[in-house]
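Residue numbers (our numbering), protein chains in the order written: chain A, -11 to 284; chain B, -11 to 284; chain C, -11 to 284; chain D, -11 to 284.
Treat the hints loosely; a few may be bogus.
The list treats identical chains as interchangeable, and a pair is accepted whether it falls inside one copy or across any two copies.
[Stated by the list, open to error] Derived pair list, reagent style DSSO-like, types lysine-lysine, alpha-carbon separation capped at 30 Å: (1) LYS120 - LYS147; (2) LYS147 - LYS(-10); (3) LYS147 - LYS107; (4) LYS118 - LYS222; (5) LYS107 - LYS(-10); (6) LYS107 - LYS273; (7) LYS120 - LYS74; (8) LYS270 - LYS118; (9) LYS222 - LYS74; (10) LYS74 - LYS273; (11) LYS195 - LYS270; (12) LYS252 - LYS118; (13) LYS107 - LYS74; (14) LYS120 - LYS222; (15) LYS74 - LYS147; (16) LYS(-10) - LYS270; (17) LYS118 - LYS283; (18) LYS270 - LYS107; (19) LYS107 - LYS283; (20) LYS222 - LYS283; (21) LYS74 - LYS195; (22) LYS107 - LYS195; (23) LYS222 - LYS107; (24) LYS147 - LYS273; (25) LYS(-10) - LYS120.
Hint data in this document are derived by calculation from the structure and do not stem from the laboratory.
Listed below are the residues making up each chain.
4 protein chains.
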Amino acid sequence: MKIGATLIEDTFAEAFGMRYTRLIVTAYDEYWLDAAVRELTGYSASVISCDAETGVERSLSSDETPDGRPGVAVLIFGFSTAALTKSVSNRVGQCVMTCPSTAVYDGLENAEERIPLGKSLRFFGDGYQKSKIVGGRRYWRIPVMDGEFLVEESVGVSKGVAGGNIIMQTVDQRSGLDAARRAAEAVRAQPNVIAPFPGGVARSGSKVGSRYKGLPASTAEAYCPTLRGRVESKLHEGVQCAYEIVVDGVDEAAVASAMVAAIKAAAANEVIAISAGNYGGKLGKFHYHLHELLKG
Amino acid sequence: MKIGATLIEDTFAEAFGMRYTRLIVTAYDEYWLDAAVRELTGYSASVISCDAETGVERSLSSDETPDGRPGVAVLIFGFSTAALTKSVSNRVGQCVMTCPSTAVYDGLENAEERIPLGKSLRFFGDGYQKSKIVGGRRYWRIPVMDGEFLVEESVGVSKGVAGGNIIMQTVDQRSGLDAARRAAEAVRAQPNVIAPFPGGVARSGSKVGSRYKGLPASTAEAYCPTLRGRVESKLHEGVQCAYEIVVDGVDEAAVASAMVAAIKAAAANEVIAISAGNYGGKLGKFHYHLHELLKG
Amino acid sequence: MKIGATLIEDTFAEAFGMRYTRLIVTAYDEYWLDAAVRELTGYSASVISCDAETGVERSLSSDETPDGRPGVAVLIFGFSTAALTKSVSNRVGQCVMTCPSTAVYDGLENAEERIPLGKSLRFFGDGYQKSKIVGGRRYWRIPVMDGEFLVEESVGVSKGVAGGNIIMQTVDQRSGLDAARRAAEAVRAQPNVIAPFPGGVARSGSKVGSRYKGLPASTAEAYCPTLRGRVESKLHEGVQCAYEIVVDGVDEAAVASAMVAAIKAAAANEVIAISAGNYGGKLGKFHYHLHELLKG
Amino acid sequence: MKIGATLIEDTFAEAFGMRYTRLIVTAYDEYWLDAAVRELTGYSASVISCDAETGVERSLSSDETPDGRPGVAVLIFGFSTAALTKSVSNRVGQCVMTCPSTAVYDGLENAEERIPLGKSLRFFGDGYQKSKIVGGRRYWRIPVMDGEFLVEESVGVSKGVAGGNIIMQTVDQRSGLDAARRAAEAVRAQPNVIAPFPGGVARSGSKVGSRYKGLPASTAEAYCPTLRGRVESKLHEGVQCAYEIVVDGVDEAAVASAMVAAIKAAAANEVIAISAGNYGGKLGKFHYHLHELLKG
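Same shape as in the complex, but just chain A (with noise of 0.2 Å):
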């Protein structure tokens, strides 16, 4: 199958179960807002050594947040329930209780688990904060020095899908560069997903395993151009850069969504195939066969 001269790979890429929450963040206004977002979604390309898979969602504007100021929904993907709960309290109490007027707010209010937040970080309070109950549901206010940091007590936890990807394979680094920001971009248009690495995109892809014990990820040796002709390589002729856009969503259709998107923005006449990373099939519950998703 092509896309104009871009061969579509007749192959999968395999994806996972993960937990994930969806955050309301708001603030005073645009600038203090990405303030919080900057710190909040940093330092989370991937679970395999970061603790959490972290991105922006979508903006909300301020008739889509409930305290009526600039908002953006963060979605945060992490390995189990357990990790999420951990991982989430940390980081909104460094990076969001630290930030001049934001607020935090539940973006999964009917999802069957949740996690504690407020419950948590209450305790920077030491004995000062105060709960309070709005509509059926429970939020702390810790003071600070700004007035109070609002947070409700406990977010919701769903079942989404992490590690849907597409590899473009493209003639040098210039054509890479383009095609995997065209594709970044329109992930990032998408809505219910995220690209949790640098800009959207992944330029170290990684196998499972390494020939040094411990270490549970190593260098995918099969697509990196300077490895070809020492190791089994899966680069097409004449391709000398790869990049790879990987793609955590709330389900299965809305990684298949964005899958679709990224692969139709990054086709293009340097781009000379588009794969996908997989594990064989045997490790990742979502299979997500290119071909199949085209002709969807």
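Since chain A is already given, all that's left is putting chains B, C and D on it; use the hints.
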């Protein structure tokens, strides 16, 4: 002492010795440079609960970088050399190595102490990594999907100063946010310093200890406007909001200069007073008396 | 007040509310039970820098365990329910699931709050795990090399008290070690408590905060015999050594009883005084006045 | 090849290069030495999810220690020098410095590489610590309640070998536990090695990767007796139980000797076979072929 309508309190900021490193991060263009830096400098407001305090020191033109590409100097502060060793490797491995087109160089080449960087990250290469020596400095070339990630074997570590600060007390939140932003931008324009909190500003000022065992810090109730009347307050009459600028720098003078710049930028009509945070002088080695700073 | 030659100071121990869980660990025989418990209860002296405070509460005969095998009740204290969630799963996964023949049951079945245990660990089964419900409680059976690791889906969490303490001041190290050991053994014989430090005793007493930023605790110089003369000391004349017994318990009364037992066991000729550690009463919720304890 | 009734499989154990350090811990007497060592060597079965792999190498008589007191040599293995730097400081600070009467010395003085120990821990002294040089080695004296905690400024790090292993396949759990214990005790009697799992034995054998993203290891289903029939099994007919001895050592020969000792101790009537765990030879650098070991 007053600057215009703003009282400058006769008090001092208490700062601490910490270790820091400077990384030079470069990328193909500003887009990918920003992607890497956002990821690298997130989740790092305070070593009280983050692994490090990070921030952008300044942008570097192509002339100023080792590889002639656009770059940024990032400062990373940690409690000790050992703590920095871990944080810097993890953060660069997850946030920069993953990002298209980036490279990382030592920005403290004359430091007497050094910590491993490429020396740790090379394991990701799974045996395919190579080292090379250029101009007496050793680099690692780790194969990735767009070629090789070039990273210096080790980076310098020096003694810096962390926790310089001013506290702005204002008539309301709007004037507080304005003053904080002016002060943060003034610090950003100074060399050799960073302001590690979100947007450069801290609103959840903290004291050492808590009534909950195992919690190293809790809210500084003396600066919380909603607690006035219930606790011994340090807020001036009429103050409804306070924000803190925290400054980390490469030496005592750099922090002093940044504090002066912040005070001058912050002082204004609705800023009732500018004070500073200290622990009675018993903890931190560096004491910045506001009046002396402004006379100097 | 005196017990024999030993002055009991008119002071109080300041203790804190913490969350705890009780695990029932069983194994084929005492040899493997001890192997698991040694691993599980190591590296856990204080939540100031460890993830949890752990210890053996008591041994259980075959009659007292759910599966009729030898067992041990272990108490694990953490700063919050969220912190316990992470620590308990990690520790059981690494220290008990790995150990031949073991199983883990909830030891707090009537607690209102519960944290996941088997629910987190089951993922190790890589899809081959199974759950079963017996007597209204859900268990996970995770396939391992000697059959299945049986672990309860969740375990109860309750509010406990941590940081009860006494400080023994003695004429020399020899008498200090003797007194500390007597006191630690007395605590070990009490129900519902643990003494989490090595051998039940702490010698590096700490205060909150430090002159180094980011270090949450540092040496309590007032109790260091080598610093007498340089600092304001709390050591009595003639004292060359001090040791602290720290007690965590399931409620206020359990800690009180253990402190009384420890004081009575410690008092002796070369024990000049027994005092207790506090923070002026402003931090911890529980105050144990030594004189009242001994009168009660 | 057979030893008595036990088949020795024609296979190999695959082990990895890791870094290790050796600490000499001393104390006033055996009681407090054991208290420190129990705390220090807990929660450290495998670097897959613990910060380090630790164990007692051997006991030292008063003649063999720097201060003429009873001692123990502890080996600590980590993924890299940087990882060891963090783990060793934390563990010694929490588990040994806290324990009455202890001191810690470098047990690898000729190593080319060194990591900070006292250099990191001294900060606990809050400025009251002192250093002294004896025989060309620098020590820190940190004031604590029983005098001073003496700890060497830095300790050596060398390249070791981790993950040598044998897998015993037995007719039932009883015979498995007996064989495992015999083998673990044989390893304990060998110099220069540790067996880091509880009691020296692992029962939750693992493979690299998992069908859950972000989980670096999961159960080795091929060795699970309850999964026979559902998966491709590596268990011999009649086997109902398997246990693994994992050995870490200071060099290739030390691990080889310990494996031979373990095999010879384990082989017995109800031990149907002894095999070993590997990853097809692609990951670990060291391959121990069982038949060659036994011929050698």
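Quick rundown of the hints versus the structure:
With identical chains, the CA atoms of LYS120 and LYS147 are at most 30 Å apart both within one copy (29 Å) and between copies (22 Å). Taking the shortest alpha-carbon separations for LYS147 and LYS(-10), neither the intra-copy value of 34 Å nor the inter-copy value of 51 Å comes in at or below 30 Å. When the C-alpha separation of LYS147 and LYS107 is checked against a cutoff of 30 Å, the pair qualifies both within a copy, at 22 Å, and between copies, at 15 Å. In the homo-oligomer, the alpha carbons of LYS118 and LYS222 lie at most 30 Å apart only across protomers (22 Å), although the nearest pairing inside one protomer, at 58 Å, exceeds that limit.
Proximity of LYS107 and LYS(-10) under a CA criterion of 30 Å is satisfied in neither setting, with 52 Å inside one chain copy and 42 Å between copies. For the homomeric pair LYS107 and LYS273, the shortest alpha-carbon distance between copies (19 Å) is at most 30 Å, but the shortest distance inside one copy (33 Å) is not. In this assembly of identical chains, LYS120 and LYS74 lie within 30 Å of each other by CA distance both inside one copy and across copies; the values are 23 Å within and 28 Å between. For a Cα distance limit of 30 Å, the shortest separation of LYS270 from LYS118 across copies, 19 Å, qualifies, whereas the shortest one inside one copy, 49 Å, does not.
Taking identical chains as interchangeable, the C-alpha atoms of LYS222 and LYS74 are never at most 30 Å apart, the minima being 38 Å within one chain and 34 Å between chains. In this assembly of identical chains, the alpha carbons of LYS74 and LYS273 lie at most 30 Å apart whether taken from the same copy (25 Å) or from different copies (25 Å). In the homo-oligomer, the alpha carbons of LYS195 and LYS270 lie at most 30 Å apart both inside one protomer (14 Å) and across protomers (13 Å), since each shortest distance falls under that limit. Within a single copy, LYS252 and LYS118 get their C-alpha atoms no closer than 51 Å, and across copies no closer than 37 Å, so neither meets the 30 Å cut-off.
Taking the shortest alpha-carbon separations for LYS107 and LYS74, both the intra-copy value of 12 Å and the inter-copy value of 16 Å come in at or below 30 Å. For a Cα distance limit of 30 Å, the shortest separation of LYS120 from LYS222 across copies, 27 Å, qualifies, whereas the shortest one inside one copy, 57 Å, does not. Taking CA atoms no more than 30 Å apart as the test, LYS74 paired with LYS147 passes in both settings, with 17 Å inside one copy and 19 Å between copies. When the C-alpha separation of LYS(-10) and LYS270 is checked against a cutoff of 30 Å, the pair qualifies only within one copy, where the shortest distance is 27 Å, while the shortest distance between copies is 36 Å.
For the homomeric pair LYS118 and LYS283, neither the shortest alpha-carbon distance inside one copy (55 Å) nor that between copies (38 Å) is at most 30 Å. In the homo-oligomer, the alpha carbons of LYS270 and LYS107 lie at most 30 Å apart only across protomers (22 Å), although the nearest pairing inside one protomer, at 39 Å, exceeds that limit. When the C-alpha separation of LYS107 and LYS283 is checked against a cutoff of 30 Å, the pair qualifies neither within a copy, at 47 Å, nor between copies, at 39 Å. Taking CA atoms no more than 30 Å apart as the test, LYS222 paired with LYS283 passes inside one copy only; the shortest distance there is 24 Å, against 42 Å between copies.
For a Cα distance limit of 30 Å, the shortest separation of LYS74 from LYS195 qualifies both inside one copy, at 27 Å, and across copies, at 23 Å. Taking identical chains as interchangeable, the C-alpha atoms of LYS107 and LYS195 lie at most 30 Å apart only when they sit on different chains, with a minimum of 20 Å there against 38 Å within one chain. When the C-alpha separation of LYS222 and LYS107 is checked against a cutoff of 30 Å, the pair qualifies only between copies, where the shortest distance is 28 Å, while the shortest distance within a copy is 49 Å. Taking the shortest alpha-carbon separations for LYS147 and LYS273, only the intra-copy value of 13 Å comes in at or below 30 Å, while the best inter-copy value is 39 Å.
For a Cα distance limit of 30 Å, the shortest separation of LYS(-10) from LYS120 qualifies neither inside one copy, at 58 Å, nor across copies, at 41 Å.
The structure fails to meet hints 2, 5, 9, 12, 17, 19, 25 from the earlier list, while all remaining hints are met.
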